[in-house]
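> Residues 1 to 592 (full-length UniProt numbering) are what the sequence shown spells out, left to right.
In short, the hints are calculated from the structure, not lab data.
Careful, some of the hints might be misleading.
[As the list claims (entries may be wrong)] Derived DSS-like pairs (lysine-lysine); straight-line CA-CA distance at most 30 angstroms:
1. LYS375 - LYS503
2. LYS406 - LYS441
3. LYS112 - LYS375
4. LYS123 - LYS549
5. LYS367 - LYS2
6. LYS2 - LYS323
7. LYS461 - LYS441
8. LYS330 - LYS112
9. LYS374 - LYS208
10. LYS375 - LYS107
11. LYS123 - LYS37
12. LYS406 - LYS330
13. LYS123 - LYS246
14. LYS244 - LYS2
15. LYS375 - LYS336
16. LYS374 - LYS553
17. LYS107 - LYS2
18. LYS330 - LYS197
19. LYS123 - LYS461
20. LYS534 - LYS461
21. LYS549 - LYS375
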Amino acid sequence: MKELSYLNKYFIKYKYSFSLGILITIIAQIFFLFTPKLVSQSFDVIEKFLKLSETDKKSSIITNFYEQELIHNILLIVGSAIIGGFLTFLMRQTLIVMSRHIEFDLKNEVFKQYENLSQNFYKQNRTGDLMNRISEDVSKVRMYVGPAVMYTINTVIRFAIVILYMYNVSPLLTLYTILPLPILSYCIFKLSSEINKRSTTFQQYLSKVSSFTQEIFSGIRVIKAYSLENQHQNNMIELSDESKRKSLDLAKVQSLFGPLMIALIGISNLVVIYFGGVMYINGTIPNIGTIAEFILYVNMLTWPVASLGWVSSMVQEAEASQKRLNEFLKIEPEIKNNNPNSSDIQGEIAFENINYTYEDTNIEALKEVSFTVKKGETLAILGKTGSGKSTILSLISRLYDVTSGKITIDGNEISTLNLNDLRNSIGIVPQDAFLFSDTIKNNIKFGNQNATDEEVIDAAKNAVVHDNIIAFNKQYDTILGERGITLSGGQKQRVSIARAIIKNPAILLFDDCLSAVDTETEETILNNLFEFCKDKTTIIVSHRVSSAKNADKIIILEDGKIIQQGSHNQLINQEGYYASLYLKQLSEKELL
Numbered sequence: 001m002k003e004l005s006y007l008n009k010y011f012i013k014y015k016y017s018f019s020l021g022i023l024i025t026i027i028a029q030i031f032f033l034f035t036p037k038l039v040s041q042s043f044d045v046i047e048k049f050l051k052l053s054e055t056d057k058k059s060s061i062i063t064n065f066y067e068q069e070l071i072h073n074i075l076l077i078v079g080s081a082i083i084g085g086f087l088t089f090l091m092r093q094t095l096i097v098m099s100r101h102i103e104f105d106l107k108n109e110v111f112k113q114y115e116n117l118s119q120n121f122y123k124q125n126r127t128g129d130l131m132n133r134i135s136e137d138v139s140k141v142r143m144y145v146g147p148a149v150m151y152t153i154n155t156v157i158r159f160a161i162v163i164l165y166m167y168n169v170s171p172l173l174t175l176y177t178i179l180p181l182p183i184l185s186y187c188i189f190k191l192s193s194e195i196n197k198r199s200t201t202f203q204q205y206l207s208k209v210s211s212f213t214q215e216i217f218s219g220i221r222v223i224k225a226y227s228l229e230n231q232h233q234n235n236m237i238e239l240s241d242e243s244k245r246k247s248l249d250l251a252k253v254q255s256l257f258g259p260l261m262i263a264l265i266g267i268s269n270l271v272v273i274y275f276g277g278v279m280y281i282n283g284t285i286p287n288i289g290t291i292a293e294f295i296l297y298v299n300m301l302t303w304p305v306a307s308l309g310w311v312s313s314m315v316q317e318a319e320a321s322q323k324r325l326n327e328f329l330k331i332e333p334e335i336k337n338n339n340p341n342s343s344d345i346q347g348e349i350a351f352e353n354i355n356y357t358y359e360d361t362n363i364e365a366l367k368e369v370s371f372t373v374k375k376g377e378t379l380a381i382l383g384k385t386g387s388g389k390s391t392i393l394s395l396i397s398r399l400y401d402v403t404s405g406k407i408t409i410d411g412n413e414i415s416t417l418n419l420n421d422l423r424n425s426i427g428i429v430p431q432d433a434f435l436f437s438d439t440i441k442n443n444i445k446f447g448n449q450n451a452t453d454e455e456v457i458d459a460a461k462n463a464v465v466h467d468n469i470i471a472f473n474k475q476y477d478t479i480l481g482e483r484g485i486t487l488s489g490g491q492k493q494r495v496s497i498a499r500a501i502i503k504n505p506a507i508l509l510f511d512d513c514l515s516a517v518d519t520e521t522e523e524t525i526l527n528n529l530f531e532f533c534k535d536k537t538t539i540i541v542s543h544r545v546s547s548a549k550n551a552d553k554i555i556i557l558e559d560g561k562i563i564q565q566g567s568h569n570q571l572i573n574q575e576g577y578y579a580s581l582y583l584k585q586l587s588e589k590e591l592l
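Take these sequences, add in the hints, and give me the full structure.
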């Protein structure tokens, strides 16, 4: 139960609903307990009538009296059952609804933590596993805070009240009746331990299946292109078979509870009938109605006792799930908002002796990198693959914090700025253009939810994608497939550019976002961007000289170090990477 203690804060939050549910449960059990007593009284009435003389039995007055007693008891039994049933309905409405509120809060907390965690976390965890935690694991936890808690409260209260009633009627018969309960407790203890172990294993395999299928769905085009369907089908069968075995192992243990509960309750009934009958014959209990009353008491305990197994199973599964949730809910985000006050971002960026090493791979991506970009200037960054270009953009948007050195924005160290204001002031077009399964319009408006249709069209025109969009049947209302699969690579990149433009940020970061665009279209987009970015700080990462030649400054990276920097005219007149790249791409263009 240690892991589940994390949920206590939610019980405190909903303490009024929780307390009301307990109160309703107590009242409901009291009404249900009227039935055994009334049945006992009814048996007493019948027994008294049977002991009357034949003359008295033939008297209509006496017969009517006993009939009225029975009818009165029957009406009270029906009335108490209806009231008890209605109160049980209210109990479920109170406690189960409370569990849905807790589920809602927990899912939001999990999702918020997902958003707060850094890029390193997502490198180390698979998407399918994360999806399984927020869906399957949270659902298991809800079963604990809802049905498990409700039935536990119901069981405890019913046991306390029923045993008290039974003891008042016959202490000795009560003792005989509860004799099987210690055996039941021991069995539950042993089975619960085994369920906890097998439930944890099963949840782990369930995450593996989710991760595997998610990865296959995302890469289905590659799998089909390489004709690897059968191979992955076999892998899925193996994984599913192992998951099925773990599920069956868990189910086998869980299936022991039902028969065990029924057997023990049956034994309790036999104990009541036998010992109660002996005590009635010996005159220890005054009337036979007591035996009927005790049988009803035992059967009232049937479901609570039977539910102990189910509740125990739910608690064990919930603890295993909550443990998985706690593993990352208790992770302190590496990137924190250190300034709750708002920050006004103008856009001047300075790197001072920046070093950065990726924790997961221990690769030293940047080494003593220094440069300055003033507000309204454009910086182009070129270099070979893996030279550290994208890392610079990630550091500017604080997806990572530097290992050493200092980054300043408008003269303020980046870690002292309000994180939300910093990122809101940046428009970034990533190297891998990601689009949501939504309309094209909404994908562009993602950069500015309040943008008008005219602004969406203007952004699309600046990104030179408007003509492509209006060629679709539904134009801007065209629904894109997952990850924007409906569009070509170049179209996805241009929609991503439009999304960044419509945000109208102080800083624009373009991470090789024109790699899938032809040279002519690239030229048009760049001309539009340079016009749009006149008063904005712009950083362009590229492999093409054509994307960099009009920039105010150009830096060349190699193995994380700046090996050249200057303007286009300065660099083409220097021997080195930029001049050779320029000549190479110029000759390729002439050949075309």
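> Indicate, hint by hint, whether the structure satisfies it.
Hints, verified against the model:
no., hint, result
1, LYS375 - LYS503, "17 angstroms, holds"
2, LYS406 - LYS441, "39 angstroms, violated"
3, LYS112 - LYS375, "33 angstroms, violated"
4, LYS123 - LYS549, "35 angstroms, violated"
5, LYS367 - LYS2, "46 angstroms, violated"
6, LYS2 - LYS323, "9 angstroms, holds"
7, LYS461 - LYS441, "13 angstroms, holds"
8, LYS330 - LYS112, "12 angstroms, holds"
9, LYS374 - LYS208, "48 angstroms, violated"
10, LYS375 - LYS107, "41 angstroms, violated"
11, LYS123 - LYS37, "65 angstroms, violated"
12, LYS406 - LYS330, "29 angstroms, holds"
13, LYS123 - LYS246, "28 angstroms, holds"
14, LYS244 - LYS2, "29 angstroms, holds"
15, LYS375 - LYS336, "26 angstroms, holds"
16, LYS374 - LYS553, "10 angstroms, holds"
17, LYS107 - LYS2, "20 angstroms, holds"
18, LYS330 - LYS197, "23 angstroms, holds"
19, LYS123 - LYS461, "36 angstroms, violated"
20, LYS534 - LYS461, "18 angstroms, holds"
21, LYS549 - LYS375, "19 angstroms, holds"
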